[in-house]
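Every number in the numbering used here is 26 more than the matching position in the sequence shown, counting from 1.
Honestly, the hints are just simulated from the structure, not real lab data. A couple of the hints might just be wrong.
[Said to hold, decoys possible] Quick list of the computed label-pair ranges, beta carbon to beta carbon:
1. 450 / 504: 26 to 32 Å
2. 229 / 435: 32 to 38 Å
3. 435 / 405: 20 to 26 Å
4. 356 / 196: 50 to 56 Å
5. 228 / 386: 54 to 60 Å
6. 291 / 542: 53 to 59 Å
7. 405 / 542: 37 to 43 Å
8. 166 / 521: 30 to 36 Å
9. 535 / 291: 25 to 31 Å
10. 453 / 194: 47 to 53 Å
11. 234 / 386: 54 to 60 Å
12. 388 / 434: 27 to 33 Å
13. 516 / 435: 45 to 51 Å
[Unchecked claim] Straight-line alpha carbon distances no greater than 27 Å define the calculated DSSO-like cross-link-like pairs of lysine-lysine that follow:
14. 161 / 195
15. 404 / 438
16. 404 / 391
17. 182 / 195
18. 204 / 222
19. 204 / 182
20. 161 / 182
Note that CB positions come from ideal geometry on N, CA and C, so glycine has one too.
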Amino acid sequence: MKLDRPLLLFISNFKLAYNLLCRPDGTFNRTQPQSQLLEPSAVPRRNLAEFLDRKFLANMITIPVDVVFSFDVVDRATNLVNGVFPKLNRATHKHPKVISVFLNRGGKLDTTRSWAFMGLEDNNGMVPSNSIWNKARYGEDTIIGNLDSGVWPESKSFSDEGMGPIPSKWRGICQNGKDVGFHCNRKLIGARYFNKGYAAVVGPLNSSYETPRDDLGHGTHTLTTAGGNFVTGANMFGFGNGTAKGGSPKARLVAYKVCWEPAPNGNPCFDADILAAFDEAIHDGVDVLSLSLSWGPTLFFYDSFSIGSFHAMKHGIVVVSSAGNSGPREASVSNISPWMITVGASTMDRQFPSYVVLANNITFKGESLSTEALPDNKFFPLISAVDAKAANASFQDAFACENGTLDPQKVKGKILVCLEGYTTTTDKGAQAVLAGAVGIIIANAEFSVNIVNAEPHFLPASHINCTDGVAVLTYINSTDSPMAYITHPITQLGTKPAPFMADFSSRGPNSITPEILKFCITFLLSSKKSISKHYTFGHQDGNIVKIKG
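Generate the whole structure from the sequences, applying the supplied hints.
As structure tokens, this is what we get:
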């Protein structure tokens with residue numbers, strides 16, 4: 027079989043780890059065309075784009091026309107990865123001139139204090155002379171690319187104040203498509219969007235998809251975490267005040283938008299777009315690629331992350347990825363290729379405690395970001411959501427404080443106790459307000475163990491762990507007139523123990539190649555111990571990679 031040299035190099039380099047691989051059998055149990063990724067073995071790299079029509083592609087691999095159900099080219103990677111993304115049927119992958127074919131799978135999107143906890147600065151924001159920030163010049167002129175849901179360029183974290191000229195090694199573009207208000211600068215030096223793999227699943231897209239702008243918030247969060255500029259006065263609803271900055275605040279940043287609104291199958295990102303973005307990022311001249319995305323553990327030859335990061339590694343680019351959010355289940359770690367750095371999630375030493383005080387003087391520590399407060403030391407009647415259920419609601423739905431399950435006549439003027447799960451904690455708080463509650467206590471279910479969330483609420487609130495929740499419910503059921511008080515949350519630093527693994531962080535061992543230890547390291551990432559989702563500054567639920575330049 028004749029292969030061109032670039033692909034021979036690709037295969038020979040993979041052989042270094044071949045003894046660690048399971049050989050994929052390549053079997054597809056599908057008869058209808060699927061959007062798949064194909065690496066042709068006989069196409070000159072420099073001329074690939076001009077030959078990507080049905081006639082040449084069919085002739086190149088000598089497949090009869092009646093076998094090729096559809097050869098619509100979804101997208102192509104022509105710079106360095108050398109692949110095409112056609113729609114084809116199951117017969118194609120068996121042809122001797124096709125190296126590999128894999129499905130266009132979908133996957134999931136996986137502050138002001140973190141860097142002080144890591145010792146890069148002190149608690150007052152002063153940077154000691156021996157800080158790695160000084161040694162690395164705050165990541166000055168390192169180009170960090172981020173494959174995610176895009177970017178919101180107006181964020182203060184992307185201000186280019188004090189930034190010098192864009193490094194001459196940069197070869198990328200600012201692809202704003204139909205979004206005339208989207209602009210790059212000397213900080214956010216580039217942006218691209220990739221949606222052809224997504225469109226192959228969801229159907230034709232309108233012009234609103236022709237932009238790298240972030241409509242989900244995840245990409246902006248991850249990119250600013252990696253390299254956002256200094257932003258003073260950052261806080262979350264008055265908590266956690268400080269200066270927000272990324273791990274490499276003087277780095278140059280690039281957004282590669284590969285994730286969109288979730289498709290009908292629930293996935294917002296697809297392999298064809300991931301691999302196309304890798305190809306462009308390598309060509310553009312990035313130094314580091316950050317991916318807070320995960321598909322689950324996958325054989326290397328079927329994994330766009332493994333293939334893309336392998337090509338990036340060959341060009342001296344460091345690829346840092348998240349381990350995934352499927353913990354605490356064993357062997358759930360994703361992004362397990364040995365040539366990428368895989369990062370787990372752990373907590374830091376900051377909490378936002380809000381205490382539940384019972385009338386019998388027993389106190390339980392929870393967390394909250396609620397800006398509302400009860401009158402000082404005034405106790406209110408306490409009621410379980412099960413006891414407050416509406417007549418037509420099930421016990422299970424009412425205990426979770428789902429929409430329409432509470433009886434306002436039973437709830438009004440009381441502190442309501444709800445069980446975590448089914449809906450978000452903030453949704454439960456909203457239902458409590460609608461029912462007339464003066465406060466809410468959210469208790470973890472057994473499966474959530476003892477990890478609690480600090481979340482904003484419309485009323486005084488505290489999220490407590492499962493053990494303490496059982497104690498509160500026992501008190502309610504054993505007391506004629508149960509009463510309680512919820513303290514207003516505060517910002518507390520130096521909490522112990524810290525760090526420890528976040529419950530959602532995917533765990534090892536590596537299920538594909540157990541000989542390779544994965545994940546590699548754990549950084550101070552977002553944790554359900556102290557997070558707030560979808561806000562300009564703070565933490566977001568998910569595995570967020572932090573990079574130091």
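| Violated constraints from the hint list, given by number and in increasing order | 2, 4, 6, 7, 13
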